[in-house]
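K.L.:
Top to bottom, those sequences are chains A and B.
Reminder that position 111 of the first sequence reads as 111 in our numbering, one-by-one numbering, no gaps.
Reminder that position 26 of the second sequence reads as 26 in our numbering, one-by-one numbering, no gaps.
Derived from the structure by calculation, the hints contain no laboratory data.
Hints may be right or wrong, so weigh each one.
[Stated by the list, open to error] Restricting the straight-line Cα-Cα distance to at most 25 Å, the calculated cross-link-like pairs of lysine-lysine (BS3-like) are:
| hint | chain 1 | residue 1 | chain 2 | residue 2 |
| --- | --- | --- | --- | --- |
| 1 | B | K613 | A | K79 |
| 2 | A | K70 | B | K708 |
| 3 | B | K128 | B | K138 |
| 4 | B | K487 | B | K519 |
| 5 | B | K361 | A | K82 |
| 6 | A | K70 | B | K454 |
| 7 | B | K671 | A | K79 |
| 8 | B | K361 | B | K487 |
| 9 | B | K613 | A | K70 |
[Claimed, not checked] Partial list, derived from the structure: chain B residues whose beta carbon lies under 7 Å from chain A:
| hint | residue |
| --- | --- |
| 10 | H110 |
| 11 | L297 |
| 12 | G722 |
[Unchecked claim] Interface residues of chain B toward chain A, partial, derived using beta-carbon atoms under 8 Å:
| hint | residue |
| --- | --- |
| 13 | C103 |
| 14 | R425 |
| 15 | N427 |
| 16 | S703 |
| 17 | V715 |
Glycine is no exception: its CB is placed at the ideal position from the N, C-alpha and C atoms.
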Amino acid sequence: MNASQNALDPDDDLFDDEDTQKDKYLTFRIANEDYGIAIANVTEIIGIQSITEIPEMPDYIKGVINLRGKVIPIMDVRKRFKLPEREYDERTCIIVVEIDGTSVGLVVDTVNEVADIPEDQVEPPPKSKHKGGSYIQGIGKIGKEVKILLDINKILYEEELETLSEAVQGA
Amino acid sequence: MHASSENTEIIHEFSIEVRDLLEQLEPSILELEKVCNNELTQESPEINDALNNIFRLFHSVKGSSGFLQLNNITETAHAAENLLDRLRSGTLTIIPGYIDLLCGACDFTHEALDYLDKHLDDEGMGDKAKKLIESFKKILSGEALPEDTGSEKKKQESKAESPAPEPEIRIDLEQEPDNLKNPKIVEFFLQEAHELLQTIEQDLLGWIKAPEDKDLMNRLFGNIHSFKGNCGFMNLADPEKLSHSIETLLEAVINGLDVDRSDVADLMLGHLNAFREVLDDIADGGPGRITGLEDRLAPINEFIPLEVEEPEKSDEPKPKLGEILIEEGIVSPEELKSALETQKSKGAYVKKQDIRVNLEKLDALINIIGELVIAENMLINNPDLVGLELENFSRAAQQMNKLVNELQEMATSIRLIPVAGVFSRMNRLVHDLARKSKKKIDLQILGESTEVDKSVIENVVDPLTHLIRNAVDHGLESPEERVAAGKPETGVIRLSASHEEGDVMILIQDDGRGLNREKIIATAKKRGLIDGDGSMMTDSQVHNLLFRPGFSTAEKITEVSGRGVGMDVVLQNLKNIRGNVQLKSEPGAGTTVMLLIPLTMAIVDGMMIRVGKSLFIVPILSIRESISPSADAVTLTPDGNELVRIRENLYPVVRLHSVYDISPDNYELDKGILVVVEAQGRNVCLFVDEIVGQQQTVIKGLSDFIVKTGNVRGVSGCTILGDGNVCLILDTHALVDMDKTVELHTG
């Protein structure tokens with residue numbers, strides 16, 4: 001048993017991987033604002049494709065797509081932020097993120113780049129009265145530019161609480 | 001005869017198991033080399049672990065080979081153990097020579113196993129074993145250490161820096177079962193043991209009916225013997241003792257001991273339960289003891305007259321099984337000879353024909369093949385090819401299509417297993433139920449070789465159990481009642497399975513009193529399930545009331561049948577596997593329950609329909625018919641429900657475009673198509689724009705995320721179409737349920 005572990009040595013690689021992903025964010029743009037999400041959560045970026053609607057879902061869940069045989073749900077981040085809708089064009093992208101084995105595609109206006117934002121360049125989120133404040137993990141600075149770093153877990157699952165509480169109130 | 005092939009089986013399994021052990025052994029032995037290379041000291045915990053590990057593995061080899069009386073292997077392993085004992089206690093220092101010797105023991109065992117596979121014993125390995133054991137002995141005696149534990153202990157004490165002394169492990173039967181610590185072996189043992197118990201149970205039940213069946217008796221004996229052997233291998237003393245005494249009793253019976261068969265069988269059936277509890281205990285990591293073992297042994301021993309000697313384990317060479325069989329007149333020498341010949345020509349070289357595969361791997365394979373089907377569709381129907389004359393391409397595509405279809409069929413069939421396993425469990429159930437309820441029941445099983453997907457069949461066990469219980473408790477009358485009604489005293493329950501156009505139909509029929517319409521209606525009224533007196537309801541509507549949660553017409557709650565939770569559980573279970581239940585009953589003549597289940601859960605035969613721009617799949621299983629209604633067939637009820645008359649029936653209409661919020665081609669019912677779907681005995685018409693066509697659909701679950709985020713109704717899953725788009729599969733049960741109000745009006 002010991003021998004096989006030595007032969008594979010899977011741990012070394014993993015640590016290396018995490019190190020190189022640290023402080024790296026994929027930045028994208030929605031309605032003239034730049035956002036970033038931790039690169040570790042991102043699996044791939046694809047162009048917009050035909051989305052099959054699912055009935056009785058919140059409006060920001062556009063439906064599902066076929067990603068090489070895997071059916072994954074698509075969330076429109078604009079709608080998620082309650083911003084006005086915008087026609088999808090050739091610059092519209094789907095960022096596929098994976099959290100705890102669940103893949104979800106996020107529709108954004110454009111994808112910019114992978115940026116290195118060291119920890120000391122990240123400011124804590126402002127205590128905003130704005131309802132969306134909870135999605136913000138911090139504010140990253142690159143020179144004069146500012147990127148809003150998003151907490152993917154909250155983006156995906158916060159609404160679950162909302163719908164749940166709404167449902168409870170409704171009953 | 002049968003016992004011999006059983007023996008071959010055990011030897012093959014032993015060989016496979018020991019090879020596994022050897023695979024683990026070698027890396028551990030090589031670990032010891034680190035001491036020689038001065039990387040680690042003998043006292044370091046790593047080496048200590050390695051030594052313990054090696055000791056345990058050799059001990060396992062010794063234990064299992066000892067059980068099969070493979071003396072050469074046993075003795076070699078024993079010699080290795082002795083050496084390891086010294087190394088562990090620190091009375092010997094690890095040197096390369098020892099490591100070589102241990103490796104030599106591994107190599108020898110490998111060789112012995114090869115020999116064993118061919119000859120079914122290890123006698124030819126005697127010389128080599130002797131040599132190896134001599135070398136072990138030389139090393140041990142070179143240290144001139146007496147095999148005396150006392151002095152060894154002194155040595156340990158003198159070596160103050162040696163690791164905490166291991167508790168002395170002596171080889172005796174009371175020892176902690178080592179194999180129980182090896183999850184692989186435990187898993188293998190459990191699976192095997194469950195299978196054996198299953199067979200034993202069937203044979204016991206068969207024996208009650210056919211006492212003179214010698215083959216059956218011998219098989220029974222052989223299987224119990226195997227079970228005992230397996231328990232012995234696992235060092236499970238309690239089950240081993242119990243199975244041993246069962247074996248002894250059976251032997252006495254085979255030799256003509258006159259006993260009350262059904263008493264003996266009942267006793268043994270009870271013990272089988274004890275065995276199963278032991279297995280469950282082991283699965284949970286318990287020690288596998290039987291509580292009240294003595295109480296269980298006593299009644300068995302009462303059956304056995306004193307002169308029947310218990311075959312004791314002895315040091316004498318075991319007489320060959322064949323010799324025993326001849327001696328006891330079970331087989332003639334000629335029979336034995338031919339059996340041995342087949343064993344030689346077949347048994348020795350034919351390795352096991354099946355392999356156990358991790359279900360996850362299999363599912364992954366089937367998934368990939370599903371993807372392949374989709375990819376092939378996308379390739380062949382590629383829009384870039386439209387309008388091109390491609391003769392060679394078409395030919396190649398056709399060939400590809402054929403192969404992919406074959407591949408898919410093959411993949412599906414891998415997961416299919418016969419329903420016999422589940423059906424035969426019902427034998428036992430009926431036997432027990434008949435005793436408790438004092439009814440005479442003949443269970444007839446038909447079509448048990450019908451194959452269904454493993455996960456489907458697992459979901460059918462509970463419903464079947466419920467239905468059989470129902471049939472015994474509510475369906476069949478007491479013998480007196482039956483005689484009074486002019487029926488034979490013994491009631492018949494028939495359990496049958498057959499293929500029905502890509503699905504599997506399971507029927508549970510009894511010839512009992514049938515469903516009591518009035519009683520059902522009365523109960524339904526009491527529970528507020530129906531308005532009015534129910535006289536307008538059709539029989540099938542009445543029967544379907546039974547599927548409502550909490551419905552029960554049993555006047556008293558009996559031990560046999562539950563508290564009226566049966567039928568809705570049945571329905572729920574079947575819904576889970578996209579199946580369907582139907583009830584038919586004739587007063588006085590009996591009840592038939594029909595379960596329609598899909599062959600597999602990975603693929604569904606679907607009809608593609610279109611509403612506006614959206615495509616949906618409706619499982620063919622639930623489609624009854626489709627019609628284009630004329631305008632005058634449609635009735636609008638005052639509260640806005642639409643009903644369509646088809647022949648003599650009025651069916652409610654479900655407008656898919658409003659359920660799914662789509663703009664359709666047509667809003668008028670007479671311009672579109674109505675697809676009549678049935679679920680839980682209720683029919684509704686789905687209003688659609690077009691029926692696109694039938695197709696085999698690979699089912700994919702909707703993402704967990706969707707299930708958590710939204711409140712998806714009326715969709716059971718999705719599939720990927722040839723053009724790569726995702727298409728939703730409609731859940732007809734949910735669609736029928738959306739229409740609760742209407743049912744009251746039709747009823």
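K.L.:
For each hint, tell me whether it holds in the structure or not.
P.N.:
Quick rundown of the hints versus the structure:
{"no.": "1", "hint": "B:K613 <-> A:K79", "verdict": "23 Å, holds"}
{"no.": "2", "hint": "A:K70 <-> B:K708", "verdict": "18 Å, holds"}
{"no.": "3", "hint": "B:K128 <-> B:K138", "verdict": "15 Å, holds"}
{"no.": "4", "hint": "B:K487 <-> B:K519", "verdict": "23 Å, holds"}
{"no.": "5", "hint": "B:K361 <-> A:K82", "verdict": "43 Å, violated"}
{"no.": "6", "hint": "A:K70 <-> B:K454", "verdict": "24 Å, holds"}
{"no.": "7", "hint": "B:K671 <-> A:K79", "verdict": "37 Å, violated"}
{"no.": "8", "hint": "B:K361 <-> B:K487", "verdict": "53 Å, violated"}
{"no.": "9", "hint": "B:K613 <-> A:K70", "verdict": "23 Å, holds"}
{"no.": "10", "hint": "H110", "verdict": "18 Å, violated"}
{"no.": "11", "hint": "L297", "verdict": "40 Å, violated"}
{"no.": "12", "hint": "G722", "verdict": "11 Å, violated"}
{"no.": "13", "hint": "C103", "verdict": "14 Å, violated"}
{"no.": "14", "hint": "R425", "verdict": "35 Å, violated"}
{"no.": "15", "hint": "N427", "verdict": "42 Å, violated"}
{"no.": "16", "hint": "S703", "verdict": "5 Å, holds"}
{"no.": "17", "hint": "V715", "verdict": "7 Å, holds"}
Comparing the model with each earlier hint shows violations of hints 5, 7, 8, 10, 11, 12, 13, 14, 15; every other hint is respected.
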